[in-house]
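Chemist: Protein chains in written order, with our numbering: chain A, 1 to 222; chain B, 1001 to 1216.
Keep in mind the hints are simulated off the structure, nothing from the lab. Bear in mind that the values here come from a model prediction, so they are computed numbers and not experimental data. Glycine included, every Cβ here is placed at the ideal spot set by N, Cα and C. A couple of the hints might just be wrong.
[What the hints assert, rightly or not] If the Cβ cut is set under 8 Å, some of the chain A residues that face chain B in the computed set are:
#	residue
1	68
2	195
3	202
4	210
Each chain, letter by letter, is given below.
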Amino acid sequence: MGAEFLFQGATIQRLLAGLGVTLRISLISVALSVPLGVVMGVLFTRKNRVLRAVLRVYLDFIRVMPQLVLLFLVFFGSASSLGLNFSGEVASIIVFTAWGAAELGDLVRAALEAIPQSQYDGAFALGLTSKQTFARVILPQALRSLLPPSVNLVTRIIKTTSLCMLIGVVEVVRVGQQIIDFNRFDYPMGALWTYATLALLYFVICWPLSLLSRWLEKRSSR
Amino acid sequence: MNWDLVAEYAPLFLAATRVTLVVSAGGIVGALVVGLLTAVVRLWHVPVLSQLAAAYVEVSRNTPSLVQLFFLYFGLPKVGILLSQEACAIVCLTFLGGGYMAEAFRSALESVPLIQHESAQVLGLSRQQAFRVVVLPQAMAQATPALVANVIFLVKESSVVSGIALADLMYVAKDIIGQSYDTSEALFLLVVFYAIILIPISVLGTYVEGRFSHGR
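Isolated chain A (complex conformation) (with noise of 0.2 Å):
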């Protein structure tokens, strides 16, 4: 079938190596990207319209924009206007903790924007604090609505660290060209099943989290 080659020396270690840094990336900027959407979420629904008008237009901008120009914009834009010479990987962090903010802190704004104020009045009719308000009564009920989305949204970043490698970010899908080129010779079916095996590495990481994502939305829809 000419796909020895993937079980031949390191090459699985390689494989997995590169997913590695897919991972790393993803989940630095996941990690990074969760408290900034809750405060951007908060901010958003409060009634200054300032502070409403800078936050929507980063939003649109970010979301407009594909996420390779944002990589080319951060990678080289930074360097040639800023001054600023960023690894690919950190280059690649800032870009999806820049998109993964954004689109968590629409999350949030939508599910805070979905309680109705009769929580609020309840609560403060029981005598709560603004404080025990939102961490007793709002948090959890809006968590319910903006986990499935938010699971949805690390796949999405997942998914698209693959992008990374076109600023010369060595992760998984260009260790998987790198293994490509040094079996050219030897194993011509070489990217049939390179890219493949890819294809498969990602799916085997997303589907449980796209299933998990369906599940927490049937459960709280109930």
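With the hints as your guide, set chain B onto chain A.
Modeler: Using the frame of chain A, we list chain B on its own:
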């Protein structure tokens, strides 16, 4: 920022806009067709095809577009399937978008109450007629906001085709940065041209969402 250079490079980006639009449009049309067929096959529980459709949706939604594209462009020629760059790009966006469109159609089709199907059949419509003139129009109204969101998603995803050296907006920007280091000018034009394409669709999406959310 050197505005003379911006003016000099603008025509290159204009030509690249055509590539981005052609590839995106091809992918969007393909994705709509594949998505609708996939959703209908699943709705009617066609044996075998329905399971295949479900598997297809999961694969297309849970693997990165870049890997799909590289598989099509570098992998498939090894088994004798040779596609041009444009064809690869359009097939890739169709494959990717089909899964997303299928989910949008499916949730919309499922939201049409059973009584609509039954009433149509009581009135003497065949199953196909009932689907075509009663169920589908109602489902389309439901699906439109999600479909527009997918259209935006696909135009954005079309930027990955620069990875197989197709001269879209992304590729032209990369080329200028690599050849002449006019990074600021190239990035400025890149953002402006994507904004010109995407902001109108995005505004349309917001309008459509407001319009179709009536009566819910």
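Chemist: Hint by hint, note whether the structure agrees.
Modeler: Hints, verified against the model:
1. 68: Status holds, d = 4 Å.
2. 195: Interface hint status for residue 195 (chain A): holds (4 Å vs cutoff 8 Å).
3. 202: Since the shortest Cβ distance to chain B is 5 Å, the answer is holds.
4. 210: This interface hint holds because 6 Å falls under the 8 Å limit.
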